[in-house]
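Undergrad: Same order as they appear, the protein sequences are chains C and R. All residue numbers for the first sequence refer to UniProt numbering, where the first residue is 1 and numbers rise by one. All residue numbers for the second sequence refer to UniProt numbering, where the first residue is 1 and numbers rise by one.
Calculated directly from the structure, the hints in this document are not laboratory data. Built from N, CA and C at the ideal position, the CB exists for glycine as well. Incorrect hints may appear among the rest.
To be verified - If you want a taste of the chain C side facing chain R, the calculated C-beta under 8 Å gives, among others: (1) H125; (2) G174; (3) P176; (4) Q247; (5) E250; (6) L363.
Unchecked claim - Here are a few chain R residues that sit away from chain C, every Cβ distance over 12 Å (derived from the structure): (7) T22; (8) N26; (9) E50; (10) S73; (11) E105; (12) Y301; (13) S350; (14) A451.
This is what each chain is made of:
2 protein chains.
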Amino acid sequence: MSLTFTKLKAEFRCINDSCGATYDLNEVVYECRKCGSLLQVSHDINALKETSGKEWRELFDSRLGSVKFPNTSGIWNKREWVLPHVQDSEIVTSGEGLSHLFHSERLTKHFGLGDLWIKQCGISHTGSFKDLGMTVLLSQVKHMLNSGTKIRAVACASSGDTSAALASYAAKAGIPAIIFLPAGKVSQAQLIQPVSNGAKVIALETDFDGCMKIVKEVTKEAGIYLANSMNSLRIEGQKTIAPEIVQQLEWNVPDWVIIPGGNLGNVSALGAGFEMAKELGLIDKLPRIVLAQAENANPLYLSYLKNFEEFSPVDAKPTLASAIQIGNPVSVQKAIRTLKKFNGIVEQASEAELSEASAKTDLFGLYNDPHTGVALAALYKLRAKGTIAKGEKVVVISTAHGLKFTEFKLKFHEGKIPGTDPKLANVIRSCKPEVGAVMDEIGKFLNSESALNLKDIL
Amino acid sequence: MSLTFTKLKAEFRCINDSCGATYDLNEVVYECRKCGSLLQVSHDINALKETSGKEWRELFDSRLGSVKFPNTSGIWNKREWVLPHVQDSEIVTSGEGLSHLFHSERLTKHFGLGDLWIKQCGISHTGSFKDLGMTVLLSQVKHMLNSGTKIRAVACASSGDTSAALASYAAKAGIPAIIFLPAGKVSQAQLIQPVSNGAKVIALETDFDGCMKIVKEVTKEAGIYLANSMNSLRIEGQKTIAPEIVQQLEWNVPDWVIIPGGNLGNVSALGAGFEMAKELGLIDKLPRIVLAQAENANPLYLSYLKNFEEFSPVDAKPTLASAIQIGNPVSVQKAIRTLKKFNGIVEQASEAELSEASAKTDLFGLYNDPHTGVALAALYKLRAKGTIAKGEKVVVISTAHGLKFTEFKLKFHEGKIPGTDPKLANVIRSCKPEVGAVMDEIGKFLNSESALNLKDIL
């Protein structure tokens, strides 16, 4: 294959279609200077269309098994769709993407589906899907530095996965990272990843919104580049989840994709990826998308109940799915647009529902974080309602590794999450170190409901 | 390619060459019934040799990009070398293997090497390299069940990565798992993975050796299959690390491979993989191997100092590298044989050395567990001595994800590990939420040694 891509280019474009202002990707700009809306990265779709769907599929398939840099990244093996101008020497990668599509016949049968896959975005360098966006952001920063833009550091406000991914990729790039967080509300344990990766972590005597305000001020003036999700570069990385899924399914499209959402950048990214794959002829239809919210932080669910005719922020209450505890999502307009295009649904999950969904599916060998629990709870509920029909094919996006949520798992199995089924809590049993006593204990287990639930072939 | 592999077969063989007893892989046997030695899986090497090295390379390369089951596993895409008789329907996989070879030009330069790669075996389904062996063990159990062997459960004694991997893969297979651990010495937090995956976790009122004794007794009689590392099936999975590394390096062989070791099964597996690749003509030389031990649990290091002429178990002292706190390693004879064949070296690392090595390399974007810290400390020491020469090419095996070791990271950055350089500890700074005060703080950081250490292109 000898495709040439010299004509490809991308730019920032205002998401407000009636404005439509555009900006060079090398500009330091996060919101439209004309109308204040968010920006998105816009590709020259006509230039991309000079390559046929079949050629794109063959190109991407040829790179999937390649051990050559940068094809060992699931972002940069689709680089023409991401940032076509970035040079090899500018790419900051830790092998993100290419995550496994977990499949279990027993789990598929448990849900009464035709097929169920869990897209394991959390089995990654820093343990969450945030790596997908950060490789793009840091690579573009390196490109800007090479182009003469003065950037002294990258910064974000976050106490979770975003700060972990930013600090790791910044360290890989050799670029200082600065993390802002509300003092007294976040422990060192929550921040030990960015602390380990050498980021400057600053605790501000304010709340999270106060931190966002400061990071926006600081990044306006000081050669410090903003890495929060309002920077749409990150979407370009997360977008690749969609073509990667259909590629792993031999270019077949599932009936449904379920994704948890708080700030709602990720569902927009997922939609953008599928739309691009369809527009460029790699697939011939779109899946339906389910956006799953925690009931304690459900502004989009409430809007969905009114057919998206209005949207009101809510005061988000604490939820075990802490990363999506957001009452006023920054990407809500993008998300609503996506859900309308994808004949989408919004579902919600209570604390008990998300915890039980996570615990039940762990019994099939998964190890789910609470956000994936929200998505799986939505699947249980939509199957019960019949919205997702028997025999359909579903992909659930898992956003983080359960290893980041030991406390959540402990709390569940210690029976400390109200409203959950105590039979699902697994406990450690004590026993004398004698073969007879041990065999008694084993016998009880093997004849118990919990062991029978596990068994399928014995 | 139309290779046929109907003749391939494998069996258990006693590692004691003067005994040489063999057993069918479907037999429930862990130690030689004639002489009591450990067993190894022995392949019909002549049958394997009917396929040339070039054909093997092409076959394996053709599978690397394949999305078809079971090639999405780094074990089963090399199935002829692992368990050739296992059928598709018997394979229990969660997408293990295929882990990224992390590469950083800055880190390579930091060590003064020609190339340095970190093989990220810990970025995996359960967060450690143990997945590689457990997929093989559970698949063989399913094969045995299909062949009529009566197995009611799988069991191991372990409080760490082994129990997590066993419970997860057993749950995936639908086979009950039983975990034994010493009561009062292990917290639920350490066991929350197997607890979540529905294993029966039994706390015995004894020490770890007492647990091993019970599990060996129980698995002798009761249709309960032993999954501890003396079961050599696990080695067959771990063995694939070696061909996978050289495949990722386009079938080039690094000068050195460094691996941490406690019970010493893993270094034997690594050696077996390289030997098989050489014997079958995929590579034309072997790397040198460094086995890295914690100074607090260093019996093989002490033996190495005496040219392996004698070996004495030690009382292992507590080490941050808790998984290799083993004074009397079960696979010591296999390991010594491997190190002799590979012109190997044993190096040791103190608690301060392993902690500093981990912390320093985290500043390049890694997030190392303490065992990888032991391996990296060995690299620092061997570079300082000149044993590993400037410009050489090195692969370090990372065995677990840092997310499993939050306490270790916290302890380091809180300055609680004696003898470590306080300048390496990163702390969270408090600040008023005012742009001026924040900019002062940022300015101090950007001009500080810690930020300068990160920078390479600004």
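Undergrad: With reference to the structure, classify each hint as holding or not holding.
TA: Hint check:
1. H125: Holds. Min distance 6 Å.
2. G174: For G174 (chain C), the interface hint holds, since the closest Cβ of chain R sits about 4 Å away, which is under 8 Å.
3. P176: holds, 4 Å
4. Q247: holds, 7 Å
5. E250: holds, 6 Å
6. L363: Holds. Min distance 4 Å.
7. T22: Given a closest Cβ separation of 28 Å, the condition holds.
8. N26: holds, 16 Å
9. E50: holds, 25 Å
10. S73: Its Cβ does come within 12 Å of chain C, the nearest being 9 Å, so this is violated.
11. E105: violated, 9 Å
12. Y301: The claim holds: Y301 (chain R) sits with its nearest Cβ about 28 Å from chain C, beyond 12 Å.
13. S350: The claim holds: S350 (chain R) sits with its nearest Cβ about 20 Å from chain C, beyond 12 Å.
14. A451: violated, 4 Å
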